[in-house]
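Under our numbering, think of the first position of the sequence shown as 52, with each following residue one higher.
Treat each hint with caution, since some may be false.
[Unchecked claim] Under the rule of at most 30 Å between Cα atoms (straight-line distance), these lysine-lysine pairs were calculated in the DSS-like manner:
{"hint": "1", "residue 1": "590", "residue 2": "517"}
{"hint": "2", "residue 1": "566", "residue 2": "359"}
{"hint": "3", "residue 1": "281", "residue 2": "359"}
{"hint": "4", "residue 1": "413", "residue 2": "512"}
{"hint": "5", "residue 1": "200", "residue 2": "359"}
{"hint": "6", "residue 1": "512", "residue 2": "469"}
{"hint": "7", "residue 1": "517", "residue 2": "380"}
{"hint": "8", "residue 1": "222", "residue 2": "239"}
Quick caveat, the hints were computed from the structure, so don't treat them as lab data.
What you are looking at is a predicted structure, and each value in this text was computed from that prediction instead of being measured.
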Amino acid sequence: MVIRSLLLTHLVLISILPAWGQTLALATNHPPVSSVHQAHQGQLTFAARDIPLDHYQASDFLTDYTLTPKSELFITAFLAKPLSDYLAKLAPQQSATERIGLGSYQFSFYVDRKLVYTGNLPPDHIEAVAKQTQTVLRQPFVAYPRQRKWGESIWTLFLRNGGQQALTEGKHTFTLEMRPFLSDPALKVGPIIAQGQLVLDVQLDPVIDPATVQLSPLTPYTGIAISSDKIDVDHIKTLKGKINASVFKDITSVVVLKNGQLLMEEYFNGANRQTLHDVRSVGKSFASTAAGIAIGEGYLMSEQQGLKDFYRLKDFDHYSPQKDNTTLKELLTMSSVFEGDDDRRESAGNEENMYPTPNWVKFALDLPVDSVRKAGEWHYFTAGVVIIGDILDKTVPGGLERYADQKLFGPLGITAYKWQYTPQKVANTAGGIRMNALDFAKYGQLYKNGGAWQGQQLIPKVWIDKTFTRHKAIPGRSGEYYGYLFWNRTYHVNDKLYETYYCAGNGGNKIYIFKDQPLVVVITATAFGTPYAHAQVDKMMEEYILPATLDSR
């Protein structure tokens, strides 16, 4: 799911000929849309800006281009015919509608004439009408700011899958090939339909002179005093410089508390102390908090309660006694029997299938039992957290939103925050609660304090201990675990290990609570849906924030 900071740089367009003896699939039965199109069929060209097609000339094709982390690069593919025609040759036995639904473009990336990555653009990334009519494709390839187009996606996947390692600093020959493909279900790939070649002079990691970077002055905040602890200023200045240079992209804030006091507070990309950050699934952890408080006050008996205590499951689709016996703990640890997995697009319970429905709780409870997955295995299941929110809303006095304000936000002095809501107007525990970075830091510090804040025990200590337990291993992610809607991992810094529990949300949003160090770290970001979002935050932590703040550096 992630790549390190996006990279790239100086590009020189070379003559675009069939690579290494391969022939292009050209045809002439579709009239060119312009004289440039007619003259350059089969070519994939590059430009430094988004030039309208009716103004795009051969003189705009790049011959020399320096690409920094904030530069922009656009690609234009001049095809001989639309994708539908190529697909007809790959699967003539299928109907046009079937081919359109199953077909798309494949891109092959070469660095110094060595194949680094081949990626298939998902068929649903291109509209059906475009597949039948477009013979000129224009896309941002590297964009600042991001435009969230498929051209950027295929580029970042290349970087994630070997491109970053291959494109070391200096000059490289870069080749991009484009082919049609169709899965029915076997993969069928056609010949090259467009290609381009560039010389890349890679300069993506600028040297930051700490003397040129000014850190923001620290000022007190309600409930948070200024720390007198030392910090490696040059490390933090270098980090700030790299965020400003977009080596680390889309970061909006970094806040560090040490011993409960403010050690670092920096904002980026237009954010400030008052910004209410959209931290996506960080909000799931708040459902765990509310559940712990409700259990402590007796509104819920325990996390071992089953769904049969709250719902008549026979009134929902796909009834099974296993659904009756599903516990709150299984929902809190993402290990229930429901066929719901946000990491699999084909999963019936994928969250993207839930959002368009009129009742998210019904969507979740209607799901069948997963008969394939090993019992008790972890699987990321957003709809299950919606069930927790619904149970809380029906169980605690005044509903979930009022209860959280009275029992959590009010005592923490958090007054500026914003919930998202389900279609039934219940506070959305799937994620999306917004508040400023310092208030998120207060929330993290509350957990670091064992649930206490200014002499008041807001969350039962026993719930903190249960939450900060490695209940489930994360499949496919060595050394990573899951507690009660909190993640767990260990960072390696200067040959030492630093274990942390943390909240995490799409885009690279994190609240870290370190187990054995007096640190709480908040990072907010807007790199939603990008492969690099979480990996770049890991790099920020390992190479800059932890070395700068730990006593053992």
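> Are the Cα positions of residue 281 and residue 359 separated by 30 Å at most?
Replying inline: The hint is violated at about 54 Å.
> Is the straight-line distance between the alpha-carbon of residue 222 and that of residue 239 30 Å or less?
Replying inline: Outside the cut-off at roughly 34 Å; violated.
> Taken at face value, is the distance from the CA of residue 359 to the CA of residue 200 at most 30 Å?
Replying inline: 45 Å, violated
> Are the Cα positions of residue 566 and residue 359 separated by 30 Å at most?
Replying inline: 36 Å, violated
>> Run the distance test for residue 413 versus residue 512: straight-line Cα separation, threshold 30 Å.
In response: 33 Å, violated
>> residue 512 and residue 469 were given as a pair; does the straight-line alpha-carbon distance stay at or below 30 Å?
In response: Cα-Cα ~27 Å, so holds.
> Has the given pair, residue 590 with residue 517, been kept, meaning a C-alpha gap of at most 30 Å?
Replying inline: The given pair, whose Cα atoms are some 29 Å apart, holds under the 30 Å limit.
> Given the hinted pair residue 517 and residue 380, is their alpha-carbon gap at most 30 Å?
Replying inline: 10 Å, holds
Hints 2, 3, 4, 5, 8, counting from the list given before, are not met by this structure.
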